[in-house]
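Chemist: Residue numbers (the numbering used here), protein chains in the order written: chain A, 2 to 224; chain B, 1050 to 1152.
No lab work stands behind these hints, which were simulated from the structure alone.
Some hints here could point you the wrong way.
Said to hold, decoys possible - Once the Cα atoms are required to be at most 20 Å apart in a straight line, the calculated EDC-like pairs of lysine to aspartate or glutamate come out as:
1) 1093(B) / 61(A)
2) 53(A) / 1074(B)
3) 1073(B) / 61(A)
To be verified - Rough simulated footprint, nothing fancy, chain A against chain B, three-plus residues with beta-carbon under 8 Å:
4) 1069-1075
5) 1086-1093
Keep in mind the model is a prediction, meaning the values are calculated, not measured.
Backbone N, C-alpha and C define an ideal beta-carbon position, used for all residues, glycine too.
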Amino acid sequence: MKMVRDLTGRFKERPHYEAQELDYECETIICTFLRTLYGQVKFPIQTNDITKLIEKHASDLDLYADLTEYGMKVEGLTKFIPKKKPQVCISKDLSVSTWGENRLRTTLTHELGHVIFHNYLFQMEIEAPKSSLQICKRDDIITSSKSPGRDWMEWQAGYTCGAFLMPATFVNGSTKNYCRSQGIQVPLKSSSSHKEGLIEAVANEFQVSKDAARVRISVLNLL
Amino acid sequence: MPERSVTFGEYIASTRKSKSMSQKDLAINLEISPQYLNDIEHDKRTPSAPQLIDKLASILDLKPEYLYYLAGRMPEEVKNKKLDEKSFTQAWHAFRRETEGKK
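Just chain A, same shape as in the assembly (with noise of 0.2 Å):
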C-alpha cells in the first residue's frame, strides 16, 4: 500500500492498494476469524458469521434501517463519526427479503471493507471530513470491483466484498479442481464452453451469485 493524493478532494492523501494486497489481507482476516470460531477455515462463510465480524469492527450494525431517504436504491451505508468506531446499517428491504440473502452477502462485506480499510482516514482528519456518510447502492456494490477508475473508496470496498466472500487462495483451488475434473486447463479461455461451469461451482461454492462469481474469476485473472 502507498499513500497517493486523493483527487476526489475527500482527503489530501488516500491509500492504493494493489489487488493482491487487498486480497491478502481480507484472506488473512476472513481466516484468522473464522479459525478462531471454529479452529478451522471452511467456505462458504455463513452470513451469520459475517454480522459477528462487522460487529468486532463496527460500533453498531443495523440490520433493518430504513435507507429511502437516502435514495431507493440504497441497501448499504457506513458511518463514519469520529473517535468512535464506523455505524453499519443495512435496508431493511434487503435483509427480510426471501430473495436477496446473495445480495445480503455482497451487501455486508461490502461495507465490512470500509469499516476496516477506511475507518481509520476519517479518525486521522484534523477537520472535519466533508461527508462522514458512504452511502452503496446497489448497482454499484458488484461492477466497482471491475473498474479501478471510479471512485477509490467504492472500488476498494468492492473488490474486498468480493476478496472476504471468495478468498484468492480458495478460488484458485475450487478453479484448479474444476478444471482438472473436466480435464481443461487454468486459466480458462473466455469462449470456453466450460466458462458458466466454473462460475456456477464457485457461485455454489462460495455462496455468491453467478454475477459476484464472475467479476471475482475474472479479476483474478481465473478466466
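Using the hints, position chain B against chain A.
Modeler: The following block gives chain B in isolation, referenced to the frame of chain A:
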C-alpha cells in the same frame, strides 16, 4: 443527577456482543424474530412481555431487576433517576432491606 450510562437496547446489544453471539443466535434462543430483537437493541421498541425480559436476563446472565429498570418498568420515582448498574443495584438492595424489615 448522574446520566444513565446506557439504554435498554444498548445494554442488551453490548452484552450479547461480549458473549460473541450474533443477533440471529440470540433471537433464536429468545424465540423472537431477528428484526424484533434488532428493534429492541436500537431502542425502536421495548419488550412487550415481562417473560421476554426474564428470558433475556437468563440467557445473557443479567440481573432481571436492572433490565426491568432500563425498560422503564419501575415506579416513576425510581424510573427517572438515570442510575447506572452499580448505583441501581445499591438502591435496589436498600429498597429490599427496607421492605423486608417492614414485614
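Chemist: Tell me, which hint numbers fail for this structure?
Modeler: Checked against the structure, no hint fails, so every one of them is satisfied.
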